[in-house]
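Novice: Assemble the dimeric complex from its two separately framed chains, guided by the hints.
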Amino acid sequence: NAGVTQTPKFQVLKTGQSMTLQCAQDMNHNSMYWYRQDPGMGLRLIYYSASEGTTDKGEVPNGYNVSRLNKREFSLRLESAAPSQTSVYFCASQPGSSGNTIYFGEGSWLTVV
Amino acid sequence: AQKITQTQPGMFVQEKEAVTLDCTYDTSDPSYGLFWYKQPSSGEMIFLIYQGSYDQQNATEGRYSLNFQKARKSANLVISASQLGDSAMYFCAMRELSYGNQFYFGTGTSLTVIP
Chain A
1 NAGVTQTPKF
11 QVLKTGQSMT
21 LQCAQDMNHN
31 SMYWYRQDPG
41 MGLRLIYYSA
51 SEGTTDKGEV
61 PNGYNVSRLN
71 KREFSLRLES
81 AAPSQTSVYF
91 CASQPGSSGN
101 TIYFGEGSWL
111 TVV
Chain B
1 AQKITQTQPG
11 MFVQEKEAVT
21 LDCTYDTSDP
31 SYGLFWYKQP
41 SSGEMIFLIY
51 QGSYDQQNAT
61 EGRYSLNFQK
71 ARKSANLVIS
81 ASQLGDSAMY
91 FCAMRELSYG
101 NQFYFGTGTS
111 LTVIP
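Protein chains in written order, with our numbering: chain A, 1 to 113; chain B, 1 to 115.
Bear in mind the hints are in silico, worked out from the structure with no lab data behind them.
The model shown is predicted, which means the values in this text are computed figures rather than measured ones.
This list has only true hints and no planted wrong ones.
The list that follows gives simulated cross-link-like pairs (lysine to any residue, SDA-like), each with its CA atoms no further than 25 Å apart:
1. A:Lys14 x A:Arg44
2. B:Lys73 x B:Gly52
3. B:Lys3 x B:Glu96
4. B:Lys3 x A:Tyr64
5. A:Lys9 x A:Ala82
6. B:Lys3 x A:Pro39
7. A:Lys71 x B:Tyr99
8. A:Lys57 x B:Ser31
9. A:Lys9 x B:Gln39
10. A:Lys57 x A:Pro95
11. B:Lys70 x A:Thr101
12. A:Lys57 x A:Arg68
13. B:Lys3 x A:Gly40
14. A:Lys57 x A:Pro83
15. A:Lys9 x A:Gly40
16. B:Lys70 x B:Gly52
17. A:Lys71 x A:Asn100
18. B:Lys73 x A:Gly58
19. A:Lys71 x B:Glu44
20. B:Lys73 x A:Glu59
21. B:Lys3 x A:Gln85
22. B:Lys3 x A:Thr54
23. B:Lys3 x A:Pro95
24. B:Lys3 x B:Thr20
25. A:Lys9 x A:Met41
26. B:Lys3 x A:Leu45
27. A:Lys57 x A:Pro8
28. A:Lys9 x B:Phe47
29. B:Lys73 x A:Leu45
30. A:Lys71 x B:Leu97
31. A:Lys9 x B:Ser42
32. B:Lys3 x A:Arg44
33. A:Lys57 x B:Gln2
34. B:Lys3 x A:Val60
35. B:Lys3 x A:Gln37
36. B:Lys3 x A:Ser51
37. B:Lys3 x A:Asp56
38. A:Lys57 x B:Pro30
Isolated chain B (complex conformation) (with noise of 0.2 Å):
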């Protein structure tokens, strides 16, 4: 089974809007951490915004937030007041703090936006 699951191959957004980019995970460890990191046309991968499973509230950093639903086992990264410089691949990710240090990744969202 997949760890991470992310449904929306490419996404597109009008600038100035926010955007939602969908993220569920499966584990059966009870400690772990979800990412979000960005790419862009670059290459480099750009650390955006964490999210520890025992945190009780949604993580934030600036125009990035983390919708954590823990029963759905969905971590949907939020962006706000979308720029055209968050046009980029985006990936989720987890690490399982109990069965070793492994970090798994999604497939990826393409976002887009427009001015």
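Bound-form chain A, shown alone (with noise of 0.2 Å):
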């Protein structure tokens, strides 16, 4: 029961450097999510795909970029890393019809140096 998983699970980065965090997502589900959590402020949400081949920003959209490369994954990609986004983030899926909650990745603790 693989579910949504993400990696890597933790990384260290200096600030400017780049990475991308992948999440893959077994469940055919249509939407698919990235949160990054700080304490005291809950999930918010990066950015998401409401289906394969669409991306919308979310709450928190700058300095992020993500793909949906296909139905199973949706990457986000730091292109300059900032001791701002030092994160927990969140990879999500969601079956896209209603009703239906939305399932979670384990997590990737970033710390930007």
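Specialist: So this is what it looks like as structure tokens:
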């Protein structure tokens, strides 16, 4: 039961470096999301993809780019990492029909020094 | 304006007692869903309970119930007979069905169950 798989789980970056967080789901879900979680801020939506081939900005998209590679995969790229991007990142997916919950990956802990 | 508001940063409850975690929401969409998630210290997000905007009865799942007051736009989570394993962060979330497929989350409530 893989569900939503995201890699890497932990990463330390230097300011200015780039990296890509990978996410894949095996539930044939239409919608996929990237959130960041910071203390006292809850989960904030970075980008989402309502269906394959579409992506939209969420609440905090600055400094990030995404690619919905196919129905299974949704990657998040930091082009030039900044200390303010130190956070826990969650990928999630959702079937797209009404009422269904959102399914989360296990999270990726990113530290930018 | 915040879509989801959780005003209790931290809560304490005695083991075996009931506790209510508050959540209010803001939407003009007549079709929406409300969710509660638990995040233990290990970090994973665990789905607890769902309430649809057209549901007439309050949702229940085992020891969890959702006190849905539509006119007041509140969706409080009630945990009955608290257990030590209930100590965690709890997030309220909303999905607006007419305005795309975004899920909005509150800032969370940290619940500590005292033995």
